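With chain E held as given, fit chains A and P onto it using these hints.
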Amino acid sequence: MAWNTNLRWRLPLACLLLQVAMVVLFGVFVRYDPDADASWWEEKKRRNISSDLENEFYYRYPSFQDVHVMVFVGFGFLMTFLQRYGFGALGFNFLLAAFGIQWALLMQGWFHHLDLQGRYILLGIENLINADFCVASVCVAFGAVLGKVSPIQLLIMTLFQVTLFTVNEYILLNILEVKDAGGSMTIHTFGAYFGLTVTYILYRHNLEQSKQRQSSVYHSDLFAMIGTLFLWMYWPSFNSAVSYHGDAQHRAAINTYCSLAASVLTSVALSSALHKKGKLDMVHIQNATLAGGVGVGTAAEMMLMPYGALIVGFFCGSISTLGFVFLTPFLESRLRIQDTCGIHNLHGIPGVLGGIVGAVTVAFASPDIYAQPGFSKDVQTSRTQGKFQVFGLLLSLAMALMGGIIVGLILRLPFWGQAADENCFEDEVYWEVPEENSAGHVTEDPTLKPPALLIPSGAPALSAVLVP
Amino acid sequence: MAWNTNLRWRLPLACLLLQVAMVVLFGVFVRYDPDADASWWEEKKRRNISSDLENEFYYRYPSFQDVHVMVFVGFGFLMTFLQRYGFGALGFNFLLAAFGIQWALLMQGWFHHLDLQGRYILLGIENLINADFCVASVCVAFGAVLGKVSPIQLLIMTLFQVTLFTVNEYILLNILEVKDAGGSMTIHTFGAYFGLTVTYILYRHNLEQSKQRQSSVYHSDLFAMIGTLFLWMYWPSFNSAVSYHGDAQHRAAINTYCSLAASVLTSVALSSALHKKGKLDMVHIQNATLAGGVGVGTAAEMMLMPYGALIVGFFCGSISTLGFVFLTPFLESRLRIQDTCGIHNLHGIPGVLGGIVGAVTVAFASPDIYAQPGFSKDVQTSRTQGKFQVFGLLLSLAMALMGGIIVGLILRLPFWGQAADENCFEDEVYWEVPEENSAGHVTEDPTLKPPALLIPSGAPALSAVLVP
Amino acid sequence: MAWNTNLRWRLPLACLLLQVAMVVLFGVFVRYDPDADASWWEEKKRRNISSDLENEFYYRYPSFQDVHVMVFVGFGFLMTFLQRYGFGALGFNFLLAAFGIQWALLMQGWFHHLDLQGRYILLGIENLINADFCVASVCVAFGAVLGKVSPIQLLIMTLFQVTLFTVNEYILLNILEVKDAGGSMTIHTFGAYFGLTVTYILYRHNLEQSKQRQSSVYHSDLFAMIGTLFLWMYWPSFNSAVSYHGDAQHRAAINTYCSLAASVLTSVALSSALHKKGKLDMVHIQNATLAGGVGVGTAAEMMLMPYGALIVGFFCGSISTLGFVFLTPFLESRLRIQDTCGIHNLHGIPGVLGGIVGAVTVAFASPDIYAQPGFSKDVQTSRTQGKFQVFGLLLSLAMALMGGIIVGLILRLPFWGQAADENCFEDEVYWEVPEENSAGHVTEDPTLKPPALLIPSGAPALSAVLVP
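Residue numbers (this note's numbering), protein chains in the order written: chain E, 1 to 468; chain A, 1 to 468; chain P, 1 to 468.
It is possible that some hints are incorrect.
One copy or any two copies: either way a pair holds, since identical chains are not told apart in the list.
Below, in silico cross-link-like pairs of lysine to aspartate or glutamate (DMTMM-like), each with a Cα-Cα straight-line distance of 25 Å or less [claimed, not checked]:
1) 45 with 126
2) 211 with 432
3) 211 with 115
4) 211 with 332
5) 45 with 115
6) 44 with 56
7) 277 with 428
8) 277 with 421
9) 276 with 37
10) 279 with 428
11) 279 with 421
12) 276 with 428
13) 387 with 177
14) 211 with 421
15) 276 with 43
Source of the hints: derived by calculation from the structure; they are not laboratory data.
Please read these numbers as outputs of a predicted model, since none were measured by experiment.
Bound conformation, chain E alone (with noise of 0.2 Å):
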């Protein structure tokens, strides 16, 4: 299958098309929220408000940064691990997500920003928050594709997955009213298994002939490392960027700390022991170790305990490193789902083990724990509450497998530049990658002159394929 790599009129043409419906749609229906537009002191007057600390801003700007890392920097580094693909993981990522942050802006206000009038998206910080949300499953998405998806893919992706989130996200949270702040169901359930059934879809039978570069090299761990690293110091205000204000954003804040800890030391302990030498590999400690966050997502800003929290962790740290032992290579051999980069792993069983933890801690919840005024679940029984919490999980595994399903039809289309099963994980596909010799820099020696040894791995494998 010798698809035409060949993007330079297409993606163009995504890229301002997409783009151009965007500046048309903002104009159409988005305007400021009242705390980002000129008429603050008016609405201060209206809230009975002095200080302009009260202002939305002063809450959630330092938490939406740290989100903002983790969706462009977190996700984007973590990708890189692979030897020959880190422009596409950071490039790619940084595309499909200042996309997909646009696009879930008109989603999400649609369904849930609209002015009382329902003429106009009203845009204030929160909206940015749940943007990037949004965007984050598109990312846990992508990991399940790394590698083997043109960019043009990823954006068509990103279109139906943003909507198809936005859909799922409104279906729980206002109509089964389900409670999931770090969204272990909505972004990481629903992301994981939407990018597996997508992946699976997109099945490549020779994608062996890509072994070689499907691995990573010393420095690439390295960098693969920041990634992980800010989305596991981060993820405190990933799963409390959005809760109430106060107690509820300071709890989040404090499980999600806990739980990412413990997770870190069984990730470690699992590691080594799988090991026949009991060496630690990186792929684990890059990915198990934010197992964690993820698991306390649904549950991270209810009253789980300090030491609930560090029991979720303790036991996603452990099944996700299992998982990337076990579980992802029968997935690949049996199941023909692969993986890139074992998202279902990071995200997947973390995700529904949150979800159930959330379910959990909810139906258990002593009436009085949450008995402040206005608080708003105070109409529906604890154990109700707890099986709307299922009932949400099971829809966004659903929604996932449905949407993935079409959504990988899609783009098993011919005409979307996708590489050939040979040519996967490799960036010189489509990008311009600088020659290099083997110490980094230009050299002078002429016996060490592209010819035989310099020419990147990938090129001659390109060539043979792409010229006749």
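What follows is chains A and P alone, placed relative to chain E:
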């Protein structure tokens, strides 16, 4: 031209003299702002505040830290794209910024932050942000001369540029009463055209002898993306950091977020469209994607509307990419402007555009938009204000050109330790560079040892120049 | 000395046992602070607060996140400068910090944060910051033994050091009532001399056999700069994170900003002056530039004055650089102290200086400076307080030496999986390291394939040791 690049006494003397001068001047002139002084409890009484949260610190500290990251990690890593100039990019940026912020605190303090008696500069969080802003304009200019100047030249350039920046800023903000919260004019336009003028004056005839090192390698492009992404992510903080409390800060962040997202898509579009095989170029992804942030610098805090921000980003990303492809080669070959990082495309043109966007936004602002009591611009009509914005832009350009010529001529003097044309873009000149073998670590294999293969490429050329 | 470095059962057991212990102890002892508890609405009533913003979360969360970045990215990447120990630097720092923060929450909780009944530790944002602080002192000590100890030894060291840290901190802050907000004494002095004592006890006679790996390569120096810059940029948050609300936090940030700027210039000056060709050394830029932050740790929140901060930074940067050039070789050859990262220069001497600066600043504080009502130090005269500060410094030193000897002797036991002298500073020992060819990616050329050329350098030596 074989200058002496051994800085053993010149660089230490320059650093120590400047630092001693800073200590003395700070001792004579600098004290704490009431918000940072032990007398804060009296200040609270005076302003009739009950909460410590009303301390300016809590309004601006998170934005300050983001700006700080942009200056040191953002600009620093952005410039590590060169294959053999990573130490210089990070180290010299670190040095000039560390000196520049101190000098900027003094200069800006004398113009803007004297106490009522005119005796002391009062230091608070806003001063720190403004000092970082000022230095950002030096970092911009550094991009034009990257790899071609000595650290002593950079210290001299910083000394003068900070001074001129402050004068220009004072005239714009205090005399013309221009709006420029994100610095499209004062930071980007001024910084870019100052830097371009300096590099024009410092024209190097035989720079093509260093051409082989004036490009990236695979890993250096990944390092540069650290810079790009932190600049991109934190730019909303940059443009909102010194805006008025409340809606203005909030709005500036939203507008910048939107503009930047749009410029990513158009940069990608143009990058692919302008490559004969439709491949993307990392230079564009690293730079042009940021043009949206520059372009809304002036207007971000205004009622630009989200779609307005998207439009600005749309054009800035496009024009910036076009600039890299067509304008930079033209400037170099015809106008003898050797612009290492292409700052003309990232800061020059988008800065000018940003100034114009600001002028237009102001000129067409309906009078009731900023009608809240105490808004400082209610005396001038919108149109007049628009004209003043244009004057501000033109003045920034004039100051940059004039200042650049003077500083360029000073830097041309032969005793600042600059490298020869054939040794530009090479860390060996000013840095103790570790020897390394091809695999990135010392090898046992004797056939791979230094003599023929492993000497860093610059070394023979260097000794040839320096020894005689 | 051929120890068994296969940690297959020892490391997993250690991690799991410690983590289970954490879960149990958290279950018995740890609950939420009222500010993070669902009862916050009652707390608001009790304290007569109307705004959620008065929740401690909003005062300290941004600083907390910055400190978090310093511990995990700052210290982690700073130690990646070694050419073949990047996995160990990042991974082991991650592991010890993730365990350490949990243990510190408990230890510090028992000493400082019990509820009124003395039954439960109440967890809030300030506890998280203090736990990170405590772990920072372990990261400092890790720098001395980097590359020479096993992860099991690090976990043991963390267990003991956190315990001792908390005792020392309790005596200083609660019994001697010493001021040390940024931890010059409790964190840096204690951490550094503890680590130096441990490495002294663990002296390795034949470490020169690993000398070739105890240096950097070009790229590893760039990775290390990620650590340096994030430490440098966020240090103002570190020194202000637990200061009193309002002016103290504000002032601490300003002083640290100033001090750090000065230490960059003097580090550069000395680095160049001490090199025979005037070249800069990345070791100094990576480390000595940070000494200004250590040096104002104690005094940052005091009325040190900006010029006072500059003076502190001036001397700390200078002395630290001098230490790297003259003292480290002396300590190694004469005193048998093998200090991998030179922590004595970055944390040891500047920490002691910082303690003295704090004592002097306190002793000469005019009585009316901190005269606001309720200021905790109005009972002691300034001079007495100054003396107590000195006692605190001496006590920290004594605790570090004593503790270091005990812990060093424990770590000398032969069954913790430490590597032989000739395999130090090598990731192969504890990590599954990806194979790679010279160009950083797998090559097609059969003449370049593993056998002779491509085996990572450590491998032959390793097998020689491990096989017999």
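How the hints compare with the structure:
1. 45 with 126: within (22 Å within a copy, 27 Å between copies)
2. 211 with 432: both (22 Å within a copy, 18 Å between copies)
3. 211 with 115: neither (52 Å within a copy, 57 Å between copies)
4. 211 with 332: Within one copy, since 13 Å is at most 25 Å while 43 Å is not.
5. 45 with 115: Result: close within a single copy only, 19 Å intra versus 33 Å inter.
6. 44 with 56: both (12 Å within a copy, 19 Å between copies)
7. 277 with 428: between (36 Å within a copy, 11 Å between copies)
8. 277 with 421: So residue 277 and residue 421 pass the 25 Å test across copies only (20 Å; inside, 33 Å).
9. 276 with 37: Neither: 61 Å inside a copy, 45 Å across copies.
10. 279 with 428: between (33 Å within a copy, 9 Å between copies)
11. 279 with 421: Between copies only: 19 Å across, 32 Å inside.
12. 276 with 428: between (36 Å within a copy, 14 Å between copies)
13. 387 with 177: For residue 387 and residue 177, only the intra-copy Cα distance (11 Å) is at most 25 Å; the inter-copy one is 53 Å.
14. 211 with 421: within (10 Å within a copy, 36 Å between copies)
15. 276 with 43: neither (65 Å within a copy, 54 Å between copies)
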